[in-house]
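**Student:** Each chain is listed here by its residues.
There are 2 protein chains.
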Amino acid sequence: MTEPFRLTASQAQAAFKDGSLTVEAYAKSLLDRVSVRDSTTHAWAYLDPKLVLERARELDKILPEKRGPLHGVAIGVKDVILTKDMPTQYNSPIYKDDAPKLDAASVQTLRANGALIFGKTTTTEFASTSVGPPYAGPKTANPHDPSRTPGGSSSGSGAAVGDMQVPIGLGTQTVGSTIRPGSFNGIYAMKPTWNSISREGQKVYSLILDTLGLYARSVDDLKLLLDVFHLVDDEPEEEFAIKGAKFALLTLPQPEWDAPGPGTAAALKKGADLLRAHGAEIEEITLPDEFRPMYDYQLKVLAGEGRVAFLADYYTAKDQLHPLLISHVENEKKYTRKEQLKAFDDLAAMRPKVDALADKYAAIIGPSVVDEAPTGHENTGSAQFCGPWTVMHMPVVNIPGFKGENGMPIGLSVVAARYRDQHLLRVSREVGKIFEAEGGWARNP
Amino acid sequence: MTEPFRLTASQAQAAFKDGSLTVEAYAKSLLDRVSVRDSTTHAWAYLDPKLVLERARELDKILPEKRGPLHGVAIGVKDVILTKDMPTQYNSPIYKDDAPKLDAASVQTLRANGALIFGKTTTTEFASTSVGPPYAGPKTANPHDPSRTPGGSSSGSGAAVGDMQVPIGLGTQTVGSTIRPGSFNGIYAMKPTWNSISREGQKVYSLILDTLGLYARSVDDLKLLLDVFHLVDDEPEEEFAIKGAKFALLTLPQPEWDAPGPGTAAALKKGADLLRAHGAEIEEITLPDEFRPMYDYQLKVLAGEGRVAFLADYYTAKDQLHPLLISHVENEKKYTRKEQLKAFDDLAAMRPKVDALADKYAAIIGPSVVDEAPTGHENTGSAQFCGPWTVMHMPVVNIPGFKGENGMPIGLSVVAARYRDQHLLRVSREVGKIFEAEGGWARNP
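Quick mapping for you: the protein sequence lines, in order, are chains A and B. Our numbering numbers the first residue of the first sequence as 1 and each following residue consecutively. Our numbering numbers the first residue of the second sequence as 1 and each following residue consecutively.
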């Protein structure tokens, strides 16, 4: 039998159902995996094996007919999301060992549906910087090459799911904090439509951008989560076939973007070739010029909303805040309110237009990251390719399957119009089958 | 000497400064006032006199040169805003006695600046309904006539500040939950620009509408708060004079609004006459037709965001949720995502246009409420006149001074473009002097 820790959540659930696995045995297998791997990956900010096993035994006691749709699904929670039975420390010295007895709405929802909240995963400071050690960043390493970053800010969830320490992870995304670690760690990562899942109890950076993010090693697992979170499209759930589907492929470089590295450039080309080979039509597009200011607007929105978000901690412990966050509060860039409002309003005006563009295709395909995970841990990498979809509030899935020059995983982003999350997942399932089978990268056994 | 409880926060601070009053003596006076009045007004969801006096004594011990700008300012906190040393119960049976050890960002900011967090004030369920008893609503009464409602959802903060049980109160506003109790209780109420103050740790109903609200009995007190919360306009702080200023007066009824009651109609006429008599120019306006859909859009945004906001509690305790909140989660109105997005996007497109309209005037003057506070406690009154400014993200101040047919207070709203909060406060100071002196209503001595 496969070691239980290797199972996806859906596979583990099938084993719970047919009686071949208990939640306790599953949890033990995951904990064993963590104990073997943690000194290498450092993905956890808090993990109490005793608590995990206690909860697992409680779940095993629930009668089969009373089990929730997430029964026994182990979930790592990014440490900027409140959990009532574990500390939430934001990788900030201000919140060391802080443990308010409160679940974020997302965690409350998962628990109510039978999930096993496993532990807290590492994050960069308040999920708001791209900084690793020696500053305050997490010392989390990429499981596929510990000399490389797992990405950020959802460093721990990305690494833990990529390393089979847990099948599901929660991240957050304000620019690229969910999708980037998804690519770097070779897993599926989803940023759903903005505010389609409650972000109550999740640290605020930007109200208009912050989104809960989801990690898994299969599309089935993401589907489990979307259903529990009541994500419903307007359109009925119809089967999606690659053959005959039309995709948009973002040509690169876009005017405001850096050029992709060789790994991402090759992945984009190979991805398009594979889809064509399976009968899809690929149309190369560039984002029209009218959308070019979105890169500049994103910076202004972040600065303007960060100015508000970090004021309380600025008052209580300015000396323990990263300089970037201080610069927001002090409006170091001297952005005027007028500039901030123009950015806010113009981004809002772009959203229905970009939706209309996306609606012409099964999905838009673009890069998730510049290239494979860079070496070193000082910096968690660039989020520039993720920002546009975040400011547009669109759902994005990182699909793994490709590899870079050093054999590290590279994923591609598929993107749909707002509230087409379930559609995007159906597209991702079919695209994922192809990319995973023929893209050239496979998770180490 | 005036009994300390009658002082505004700014007056109390002057007395702390000249040594004529300690924070402890002030707190005792407020607690005495509460003990005399609480059986009538029922404004508090939680108040621990021992804790208040302990904190007051701690504040007294701080050396004068180390005192914060809000030193000793007593603040009632609406019971949907987290406080680390008091329960937060949302007037929901689900959260009875729930007390996570966490301060909302607003409370953290106030504490860090020396405020005395006094107690938790009553609210309707999750600040999301307009329902009083016998359903789950607070039994809070209007201090000026206990047979009447104090308004909602910020019932307790409105009543407590109106009744001089505390000089400052925090409310929240998603439609009219701050401004309406302001008018009903005869006090200043301010809804600042959306997201100009962090709403982290404040119950979420609608991310795009929820705003922290402020109550006080003087403009000086509101100014203290805006400064601590770093609300800075683009324009420098220049003196404002009524003479020569131009105001817009909303003519009523607007196409989508009910007609105002006789009290509000008289207040609008008298307010305009008074300002004219003091040398202001008044231009009557109606909102252009293109803005009329905002009333419909507001409902769709509330339904769409409420669908997300109450999902977690729906899973854990549906039987203890108000039917309105269940109807949101279940999307009883069958709104499509397309309708919800159109509402969201079109409201966004209106905001810069309404700003431009407001910028032609010192402020727009409109009704805060339909009329004086209605009798009974089953319903906290209509918020229809407040909704438009909330969906437009504009700052609003309720200015007291008028009275209705039964002698109850009535206020008027002054409104400015986004991020002109400090400007609006300067306007409110001068307008308030006139309305309070000549409007016809005065707080009972």
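Do not rely on the hints blindly, as some may be mistaken.
Any copy will do: because identical chains look the same in the list, a pair fits if it lies in one copy or spans two.
Said to hold, decoys possible - Subject to a maximum C-alpha distance of 27 Å in a straight line, what follows is the list of computed DSS-like cross-link-like pairs (lysine-lysine):
#1 K101 <-> K318
#2 K403 <-> K243
#3 K66 <-> K338
#4 K50 <-> K360
#5 K243 <-> K318
#6 K338 <-> K353
#7 K139 <-> K61
#8 K338 <-> K360
#9 K96 <-> K334
#10 K270 <-> K433
#11 K342 <-> K246
#12 K17 <-> K61
#13 K360 <-> K334
#14 K334 <-> K223
#15 K433 <-> K334
#16 K101 <-> K270
#17 K28 <-> K360
#18 K342 <-> K353
#19 K246 <-> K61
#20 K270 <-> K243
#21 K96 <-> K84
#22 K84 <-> K101
#23 K318 <-> K61
#24 K101 <-> K403
#25 K84 <-> K334
#26 K50 <-> K101
#27 K333 <-> K84
No wet-lab data here; the hints were simulated from the structure.
**Student:** Looking at the structure, which of the earlier hints fail to hold?
**Tutor:** 3, 4, 5, 7, 9, 15, 16, 17, 19, 24, 25, 27
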